[in-house]
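Engineer: Here's the letter readout for the chains.
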Amino acid sequence: MSVTRRDLLKIGTLGGAAVAVGGAIGSPAQEHVPTPPRDAVGMLYDSTKCIGCKSCVVACADANALQPDTRVDSLHQAPNDLNSFTKDIIKLYKPKYGDGGSFAFVKRQCMHCVDPFCVAACPFHALEKNKTTGVVSWTPDKCIGCRYCQLACPYQIPKFDWDSFNAKIVKCEFCKERLAAGKEPACTYVCPPKAVIFGRRDVLLREAHRRIQDHPGKYFENRVYGEKEAGGTQVLYLSAVNFDYLGLPHLSPTEHPSNWLRWQERVLKFFALPVGIYVGMVTFLKQNFREHENEMDDEHKKTGLMPQL
Amino acid sequence: MNGHTQSDLTVVRWQRGVPVFGLPIRTKNFLVLAGIAIAGFVLVTYREVFGLGSATGLSDAFPWGIWKTFNVMTLTALGSGSFPIGIAAWIFRKRRLHAVMRVTLLISFLVYFTGLLAIAVDVSRPWNVYNLLSVYRWNTISPMWEVLWCMPLYCLFPLFLENTPPVFEQLWYFFPPGRGLVVWLVPIIRKTYPYVVALAYTLPILHQSALGALMLLTGNQVFPLWQTPLLPLLYVWAAAFIGVATTICSVLLCCMTWKRPIDHSIMDELVRLMNWLIFPWIALRLLDIVVRGNFLLMFNSGLLSLIFWLEMVFIFVPAYYLRKAKYRNSAYLLFRNCFLIVAGGMLYRFSPTTFAYRPWRFGVIAYYTPTVIEIVTSLSFICTCICLFLIAVKRLPILPAPLQQWFESESYYRNFYPYIQMSGYGNPDQHRPSYAD
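Going down the list, the protein sequences come from chains A and B.
Its first residue numbered 1, the first sequence is counted upward by one per residue in the numbering used here.
Its first residue numbered 310, the second sequence is counted upward by one per residue in the numbering used here.
Hints may be right or wrong, so weigh each one.
The following label-pair restraints were derived from C-beta to C-beta distances [unchecked claim]: (1) T70/A / L596/B: 50 to 60 Å; (2) S252/A / P435/B: 34 to 44 Å; (3) R632/B / P140/A: 49 to 59 Å; (4) T70/A / R335/B: 47 to 57 Å; (5) F608/B / S252/A: 23 to 33 Å; (6) I700/B / P253/A: 49 to 59 Å; (7) P435/B / K131/A: 24 to 34 Å; (8) F466/B / L92/A: 50 to 60 Å; (9) L606/B / D163/A: 34 to 44 Å; (10) E291/A / L595/B: 32 to 42 Å; (11) G611/B / T70/A: 22 to 32 Å.
To be clear, the hints were calculated from the coordinates, so they are not data collected in a lab.
These numbers come from a predicted model, not from an experiment.
Don't be surprised by glycine CBs; every beta carbon is placed ideally from N, CA and C.
Go ahead and model the full structure; you've got the sequences and the hints to work with.
Structural biologist: Written out as structure tokens, the structure is:
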């Protein structure tokens with residue numbers, strides 16, 4: 001059996017493709033440890049300091065020019081959850097009668113994750129994380145309205161304008177216009193007891209740990225929610241009650257999107273595997289197709305019927 | 310007949326695609342299906358005018374409804390028969406399987422086409438879809454991007470081209486002025502065919518696994534019985550055997566409805582292919598659950614356990630029985646078992662998106678119930694699919710049949726078009742092959 005140049009080329013192509021695929025998939029995985037941007041801004045919300053006055057809710061609606069949500073009783077602006085008119089809300093955890101727990105308020109808003117699920121999910125970068133401040137914001141021009149961000153967000157933050165023709169994704173964008181003008185976000189600016197404060201994320205983390213050290217046993221599990229959850233968030237929480245009661249889900253430090261998608265990322269690296277599969281298939285197909293065509297023509301000769309592909 | 314079936318008496322060999330001739334298209338059933346299809350398209354107008362909120366039961370807690378989770382993520386699995394069968398036929402040289410290629414390609418095309426319609430209806434800012442072309446806005450790591458690119462590309466390019474030969478064939482026989490076009494196009498199609506076909510097998514592997522990756526990115530919001538890093542692999546694998554089972558079902562249904570002979574050797578081949586896909590899939594899924602330490606969840610998670618076992622039993626038990634020749638040689642038993650496999654597979658593809666998605670709701674209980682508009686529209690897409698399928702198999706040489714039927718169809722068509730010549734094209738050495746007369 002002699003090896004023709006065509007065979008050699010074929011073997012070369014297949015071998016090259018195999019090496020490329022193996023190289024791309026077999027290369028050591030990059031350690032995916034999400035790190036916040038250098039100048040990441042943040043908020044620290046201390047549930048034990050919050051008095052539930054909802055000044056932040058009003059200030060947020062004012063600063064973001066949101067319509068008042070009077071859908072509950074057609075009179076008062078009293079949204080019952082985050083929705084298309086509400087980017088920030090204060091909720092109350094009420095312990096059951098007689099079990100001795102304490103009341104606690106919680107301020108719900110976008111967590112501005114260090115490695116956000118919504119940003120990984122968005123097909124056209126409509127949701128983007130700012131490279132310097134780390135703020136996750138939404139661009140209407142790029143959004144096709146697939147609502148995959150809503151499906152993916154573990155905190156259930158992005159809300160959708162269901163009744164509008166020109167529907168929008170509504171979520172806290174950290175008052176990015178105010179930030180650009182050198183001001184702090186409206187909610188931290190107005191908060192009377194300074195339950196929510198604004199600052200750099202690293203500074204706030206230190207502040208949170210200082211508070212835990214100063215009052216050992218005061219805070220739940222002596223930990224800051226958002227330090228490590230799903231790779232960390234830029235909005236940090238301190239609470240006296242279980243974070244579960246405040247609607248903050250359990251998320252292990254490794255449950256961030258780049259970890260969930262690590263295999264997909266590897267398999268699709270440089271598009272090597274799909275191209276490899278394609279090249280391999282074409283190689284086999286060309287040969288088998290030629291045989292099939294010959295067979296079809298034989299059939300044609302024998303029966304006098306037009307070949308069917 | 311002493312209880313013998315037809316296949317006992319004569320060995321049926323499918324050799325050619327032959328139209329279902331001599332039957333009207335506008336039957337009563339067809340008109341009912343077409344009515345539902347049209348009703349759905351009318352309701353789509355309502356959704357476009359009044360918005361998603363008023364037309365659907367969707368909410369911020371359940372952002373995806375049956376248009377995406379059922380019509381796209383579940384039903385496209387039914388249309389995935391063409392890539393496992395095609396790979397077996399073209400790459401692994403199971404030559405007999407070429408007989409059912411035309412049916413499975415037609416099913417794939419129609420299912421994907423209506424799936425695209427469902428996406429188009431569901432997407433709520435459709436005027437921004439042009440972003441598919443703006444390269445600098447691509448987020449290539451997003452499974453959604455993969456699906457949005459890959460599915461239309463697959464449906465409108467390779468699948469479309471693979472479905473053109475039957476059309477050109479009919480054009481050649483029935484419309485002599487169109488022969489010039491056919492003579493010009495068919496050699497081009499033949500020359501590019503290997504490249505197109507290889508694309509038609511690469512793309513579905515990519516986007517069927519991306520459909521699994523869609524749920525992967527929801528992280529631990531999907532119940533651990535379904536959520537696994539292997540979800541993309543399990544999804545594309547499930548699509549492969551569901552597609553084969555769907556092909557078997559639809560071919561059998563057509564044969565039984567229109568009293569056409571069944572070639573059991575090809576059916577055996579298909580069942581063997583399907584079983585080769587099913588048993589390792591079940592083993593991998595169970596192994597994955599055990600390795601991740603969720604063994605007990607299979608039994609103690611209430612309704613979700615029930616759904617899990619329904620999937621497993623519906624897929625495993627029929628596949629187990631189909632190993633026996635007795636079950637494969639009876640058209641009814643074969644159909645019933647393949648139908649159960651399709652049902653179980655569809656349940657597997659549907660569960661992680663709806664039943665197993667956020668089942669605990671963080672203390673707040675929210676439900677999603679599809680509205681009548683959603684259900685009718687969803688049904689309408691399915692009915693559109695069936696109607697187009699019925700028209701196609703009655704007009705085009707798609708369903709496989711023995712050679713005898715080809716000559717019967719020729720003499721039937723001669724009653725209406727005396728100039729028709731569908732046989733006797735003689736020696737291709739004198740008449741050049743491949744329509745090039």
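Engineer: Does each hint fit the structure? Answer for all of them.
Structural biologist: We went through each hint and held it up to the structure:
1. The hinted range of 50 to 60 Å is satisfied by T70/A and L596/B, whose Cβ atoms lie roughly 55 Å apart.
2. Between S252/A and P435/B the beta carbons are some 38 Å apart, a value that agrees with the proposed interval 34 to 44 Å.
3. Checked against the hint of 49 to 59 Å, the pair R632/B and P140/A passes, with Cβ atoms roughly 56 Å apart.
4. The hint said 47 to 57 Å for the Cβ distance between T70/A and R335/B, and at roughly 54 Å that hint holds.
5. Taking 23 to 33 Å as the suggested C-beta distance range, the pair F608/B and S252/A conforms, at roughly 25 Å.
6. I700/B and P253/A have their C-beta atoms about 56 Å apart, which keeps the hinted 49 to 59 Å range intact.
7. Taken as a hint, the range 24 to 34 Å holds for the pair P435/B and K131/A, whose Cβ atoms sit roughly 30 Å apart.
8. F466/B and L92/A have their C-beta atoms about 56 Å apart, which keeps the hinted 50 to 60 Å range intact.
9. At roughly 39 Å, the beta-carbon separation of L606/B and D163/A lies within the given 34 to 44 Å, and the hint holds.
10. Checked against the given bound of 32 to 42 Å, the beta carbons of E291/A and L595/B, roughly 40 Å apart, stay inside it.
11. Separation of G611/B from T70/A is about 39 Å and departs from the stated range, judged on CB atoms against 22 to 32 Å.
Checked against the numbered hints given earlier, this structure breaks only hint 11.
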